[in-house]
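First to last, the protein sequences are chains A, B, C and D.
Numbering-wise (numbering that gives the first Met the number 0), the first sequence opens with residue 0 and increments by one.
Numbering-wise (numbering that gives the first Met the number 0), the second sequence opens with residue 0 and increments by one.
Numbering-wise (numbering that gives the first Met the number 0), the third sequence opens with residue 0 and increments by one.
Numbering-wise (numbering that gives the first Met the number 0), the fourth sequence opens with residue 0 and increments by one.
One or more of the hints may lead you astray.
Each pair may be met inside one copy or between any two copies, as identical chains are not told apart.
[As the list claims (entries may be wrong)] Heads up, simulated SDA-like pairs for lysine to any residue below, C-alpha to C-alpha not over 20 Å straight-line:
no.	residue 1	residue 2
1	32	61
2	101	26
3	32	53
4	105	53
5	32	103
6	101	86
7	101	129
8	32	105
9	101	88
10	101	90
11	105	47
12	32	55
The set of hints was computed from the structure by calculation and includes no laboratory data.
Here the structure is a predicted model, which is why all the values come from computation and not from measurement.
There are 4 protein chains.
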Amino acid sequence: MTVARSPAAAELSPDELARACADAMWANDHASKALGMEIVEIGPGFATLAMTITTEMVNGHGIAHGGFIFTLADSAFAYACNSRNENTVAAQGQISFIRPSKLGAKLVASAREVTRAGRSGIFDVRVSSAGIVIAEFRGHSRSIGGTLVPLQQPDQR
Amino acid sequence: MTVARSPAAAELSPDELARACADAMWANDHASKALGMEIVEIGPGFATLAMTITTEMVNGHGIAHGGFIFTLADSAFAYACNSRNENTVAAQGQISFIRPSKLGAKLVASAREVTRAGRSGIFDVRVSSAGIVIAEFRGHSRSIGGTLVPLQQPDQR
Amino acid sequence: MTVARSPAAAELSPDELARACADAMWANDHASKALGMEIVEIGPGFATLAMTITTEMVNGHGIAHGGFIFTLADSAFAYACNSRNENTVAAQGQISFIRPSKLGAKLVASAREVTRAGRSGIFDVRVSSAGIVIAEFRGHSRSIGGTLVPLQQPDQR
Amino acid sequence: MTVARSPAAAELSPDELARACADAMWANDHASKALGMEIVEIGPGFATLAMTITTEMVNGHGIAHGGFIFTLADSAFAYACNSRNENTVAAQGQISFIRPSKLGAKLVASAREVTRAGRSGIFDVRVSSAGIVIAEFRGHSRSIGGTLVPLQQPDQR
Chain A
0 MTVARSPAAA
10 ELSPDELARA
20 CADAMWANDH
30 ASKALGMEIV
40 EIGPGFATLA
50 MTITTEMVNG
60 HGIAHGGFIF
70 TLADSAFAYA
80 CNSRNENTVA
90 AQGQISFIRP
100 SKLGAKLVAS
110 AREVTRAGRS
120 GIFDVRVSSA
130 GIVIAEFRGH
140 SRSIGGTLVP
150 LQQPDQR
Chain B
0 MTVARSPAAA
10 ELSPDELARA
20 CADAMWANDH
30 ASKALGMEIV
40 EIGPGFATLA
50 MTITTEMVNG
60 HGIAHGGFIF
70 TLADSAFAYA
80 CNSRNENTVA
90 AQGQISFIRP
100 SKLGAKLVAS
110 AREVTRAGRS
120 GIFDVRVSSA
130 GIVIAEFRGH
140 SRSIGGTLVP
150 LQQPDQR
Chain C
0 MTVARSPAAA
10 ELSPDELARA
20 CADAMWANDH
30 ASKALGMEIV
40 EIGPGFATLA
50 MTITTEMVNG
60 HGIAHGGFIF
70 TLADSAFAYA
80 CNSRNENTVA
90 AQGQISFIRP
100 SKLGAKLVAS
110 AREVTRAGRS
120 GIFDVRVSSA
130 GIVIAEFRGH
140 SRSIGGTLVP
150 LQQPDQR
Chain D
0 MTVARSPAAA
10 ELSPDELARA
20 CADAMWANDH
30 ASKALGMEIV
40 EIGPGFATLA
50 MTITTEMVNG
60 HGIAHGGFIF
70 TLADSAFAYA
80 CNSRNENTVA
90 AQGQISFIRP
100 SKLGAKLVAS
110 AREVTRAGRS
120 GIFDVRVSSA
130 GIVIAEFRGH
140 SRSIGGTLVP
150 LQQPDQR
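This is chain A alone, in the form it adopts within the complex:
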């Protein structure tokens, strides 16, 4: 009897591998799911995620709490820097808040790799809403060993 199996990393194109890494992360990513995020685009070294500002994300000024804008950017960063099948974590993030964002606004965060050297990387994320820049984020990543998708399938008999 043949069992269904998910393909090993070695059998995938870079685009397919990025998607498989994202799927593996997403399965357990309670935080991003609970905030209503969705993965719009994923590829080697980049990722775009979207999220809509709910009443629970709004502060006393009636605008989105900066922490949720950061969280969206940080998630986009995480999916981008894990897209090459190396377990990678955020070491730092810096965000500049350019314009406020209101209840109901759909935010889109696009992350792209700026540079990598050794185990360290730098990724930039632009957060925008209806084409207007809301925030600019720069993250520093560090790979910690291990893969998200198995490199090879175990023997199957």
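Use these hints to put chains B, C and D onto chain A, whose structure you have.
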């Protein structure tokens, strides 16, 4: 007939004013409340907030999503930089993640003023758990005019 | 008698204006000149400067002191953010040192505008040597009023 | 015959060790010396350096080029993070320019350790002039193995 009234800013000590500013912000701060934050301490130029890591704040690695740690630090920053009764917003935040934090951990974020000049300020926030440093945050604030607590009471007859 | 005069800003193309702004800054920029910098390229929102690491820029490890790499990036940033004829200063700079740089290396710093809103801007600068990335810099600018090149010529009779 | 020898690290108090590390770095620190810096104070996890703004550090606005302010802060950071006899380098630096500084001003940069974890550290540096804050710097360090002062003396016969 005398009506109950809240005191004007001019009648308050700096400590009382910081508390009154925090109360005014907290009333509408859906975001911080929805995440289960509490204000532990508040005073002129400083604030300490606490939050417990819930399942909805955890990512696929079983550790707290950095965005929620940032959000806690950002809230402590907001209460500290609004404690002198000048409406102030976050222009930027930079966070370094020092150690991971797990489900159920109680995080404490202590914000203090580093320097102010004109309308700009710098605040540092240390996030710790059981006395261990989890993250270090530096925020840049900008005052935007207006007060949180009225400076004077309207005429009462 | 007609006197030679430099053209007013209103008579220049964006590229010519960027060059005129750079010339006006360079005339008094003792710091960049003393370090042996040269302007390689200049245009609206971007600038590329180069500098060679001398013995006086080297620290005890035999590598370039990070301060001089920052200084080159900061100069490129300054020429880029002043290229539209608005007096603009650096409010902040953040630099990540990716690889060390040695005595005699020629560093090239390319600055480009990331975003602008109101009086604030963000610029990224990549510092490289022989095509290898040495450092990544992100600067925050603030325009302070006034122009580098006169908008109009005074009446001449 | 007995030869003069410098003491080994194991024979020194933390204060003496910090001084010995500083002396070892200073001997080859052409960059800091060429800029006229002096070490005002040194100890475990902290360092204060001073520098006077010369004509070669001034830009077209007649104020100190931010790069030299960064360089002073970066040197104070370097002496502070190398004060425990572990070879340590700057991975990053972030500087906020609070007020301009003029020709002839004496700048004092005081660095102190904020936190350390594993091979990484965070240090804050305040740059002031006549007691007024000029800039605030935050640096991220990384220890790279090896010592500045030998741990033990070689056998002497």
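Next on the checklist: When Cα atoms must be at most 20 Å apart, do residue 101 and residue 129 count as within-copy, between-copy, both, or neither?
Outcome noted: Close inside one copy (12 Å), not across copies (36 Å); limit 20 Å.
Next on the checklist: Checking an output row: residue 32 and residue 103, CA cutoff 20 Å. Within, between, both or neither?
Outcome noted: both (17 Å within a copy, 19 Å between copies)
Next on the checklist: Checking an output row: residue 105 and residue 53, CA cutoff 20 Å. Within, between, both or neither?
Outcome noted: For residue 105 and residue 53, the Cα distance is within 20 Å only inside one copy (10 Å; across copies 25 Å).
Item to check | Alpha-carbon proximity between residue 32 and residue 105, which holds within one copy, between copies, both or neither at 20 Å | outcome: Within. Shortest intra-copy distance 15 Å satisfies the 20 Å Cα cut-off; inter-copy 22 Å does not.
Next on the checklist: Regarding residue 32 and residue 53, is the shortest C-alpha distance of 20 Å or less found within a copy, between copies, in both, or in neither?
Outcome noted: both (14 Å within a copy, 14 Å between copies)
Next on the checklist: I want to check one pair: residue 105 and residue 47. Are their C-alpha atoms no more than 20 Å apart within a copy, between two copies, both, or neither?
Outcome noted: within (13 Å within a copy, 31 Å between copies)
Checklist entry - Are the CA atoms of residue 101 and residue 90 at most 20 Å apart within a copy, between copies, both, or neither? => result between (29 Å within a copy, 16 Å between copies)
Checklist entry - Which holds for residue 101 with residue 26 at a C-alpha limit of 20 Å: within a copy, between copies, both or neither? => result between (29 Å within a copy, 18 Å between copies)
Checklist entry - Between the shortest in-copy and the shortest cross-copy C-alpha distance, which are at most 20 Å for residue 32 and residue 55: within, between, both, or neither? => result Classified as both; 15 Å inside a copy, 8 Å across copies.
Checklist entry - When no copy is named, should residue 32 and residue 61 be tagged within, between, both, or neither for a Cα gap of at most 20 Å? => result Cα proximity of residue 32 and residue 61: across copies only (14 Å, versus 23 Å in one copy).
Checklist entry - From the Cα coordinates, with 20 Å as the cut-off, is the pair residue 101 and residue 86 best called within, between, both, or neither? => result between (34 Å within a copy, 18 Å between copies)
Checklist entry - Using 20 Å as the alpha-carbon threshold, which applies to residue 101 and residue 88: within, between, both, or neither? => result Intra 30 Å, inter 15 Å, cutoff 20 Å: inter-copy only.
The structure agrees with every numbered hint stated previously.
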